[in-house]
Every structure is written in C-alpha cells, then in structure tokens.
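Number 73 in the working numbering belongs to position 73 of the sequence shown; there are no gaps in the numbering.
Warning: the hint list may mix true and false statements.
What the hints assert, rightly or not - Label pairs and their calculated CB-CB ranges:
(1) P27 <-> D60: 43 to 49 Å
(2) V79 <-> L28: 25 to 31 Å
(3) G73 <-> L51: 18 to 24 Å
(4) D75 <-> S41: 38 to 44 Å
(5) E64 <-> P26: 27 to 33 Å
(6) V54 <-> L80: 27 to 33 Å
(7) V20 <-> L80: 43 to 49 Å
(8) G70 <-> N21: 45 to 51 Å
These are calculated hints, taken from the structure and not from any lab test. Glycine included, C-beta positions come from ideal geometry on N, C-alpha and C.
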Amino acid sequence: MPPATVGRSQLPVLLARPVVNDLLTPPLAERLEQVQTLWDSIAAEQRGPELTDVNRQLTDQRLESFLVDGDLGLDAVGVLDSIEQSR
Numbered sequence: 001m002p003p004a005t006v007g008r009s010q011l012p013v014l015l016a017r018p019v020v021n022d023l024l025t026p027p028l029a030e031r032l033e034q035v036q037t038l039w040d041s042i043a044a045e046q047r048g049p050e051l052t053d054v055n056r057q058l059t060d061q062r063l064e065s066f067l068v069d070g071d072l073g074l075d076a077v078g079v080l081d082s083i084e085q086s087r
C-alpha cells in the first residue's frame with residue numbers, strides 16, 4: 001500500500017508515525033527552518049559516528065593516497081557526465 005499524501009503539497013505521510021506527519025505538515029519555509037535547527041544541533045556536538053578499525057584504516061589509506069597523487073577526483077558535474085556517457 002503506497003503512503004498517503006498531504007493535501008496540496010502531495011508529501012508522503014507515514015501513517016504509523018504521527019511525529020513525522022507533524023514535521024511534514026508545516027509550510028516549506030518552516031520545515032527548512034526545522035531542518036537547519038536540527039543540522040545546527042548536530043554540528044554543535046562536533047562529533048561524527050565512531051569509526052570501526054576497518055573504516056579508520058580505509059580512510060587513512062585513502063588520505064595517504066590523496067597526499068601522494070593529489071588527485072581530487074571528479075566534481076559532481078563530472079560524475080553526472082560520466083554516468084550519462086555510460087548509458
């Protein structure tokens with residue numbers, strides 16, 4: 001059964017999650033303000049998720065590789081172009 005929608009904005013409504021529904025019903029500007037407040041609270045903690053040893057080693061290897069070759073990789077446009085060309 002697909003999710004229900006909210007009136008004119010056609011936002012998905014998660015029927016089993018009234019708190020989520022409450023977050024989806026205000027006007028866009030208010031929802032954006034709520035998102036910004038949430039992101040600010042996360043940034044204030046200045047902590048990310050704990051890395052596993054495997055993830056830490058992989059991150060260190062990638063950093064070392066970058067420091068050696070300086071390859072910045074592709075920007076977003078380059079990635080999208082490469083996906084489009086592969087189709």
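Do the hints match the structure? See the list:
no.: 1; hint: P27 <-> D60: 43 to 49 Å; verdict: holds (45 Å)
no.: 2; hint: V79 <-> L28: 25 to 31 Å; verdict: holds (28 Å)
no.: 3; hint: G73 <-> L51: 18 to 24 Å; verdict: holds (21 Å)
no.: 4; hint: D75 <-> S41: 38 to 44 Å; verdict: violated (30 Å)
no.: 5; hint: E64 <-> P26: 27 to 33 Å; verdict: violated (46 Å)
no.: 6; hint: V54 <-> L80: 27 to 33 Å; verdict: holds (30 Å)
no.: 7; hint: V20 <-> L80: 43 to 49 Å; verdict: violated (31 Å)
no.: 8; hint: G70 <-> N21: 45 to 51 Å; verdict: holds (49 Å)
Checked against the numbered hints listed earlier, the structure breaks hints 4, 5, 7; every other hint is satisfied.
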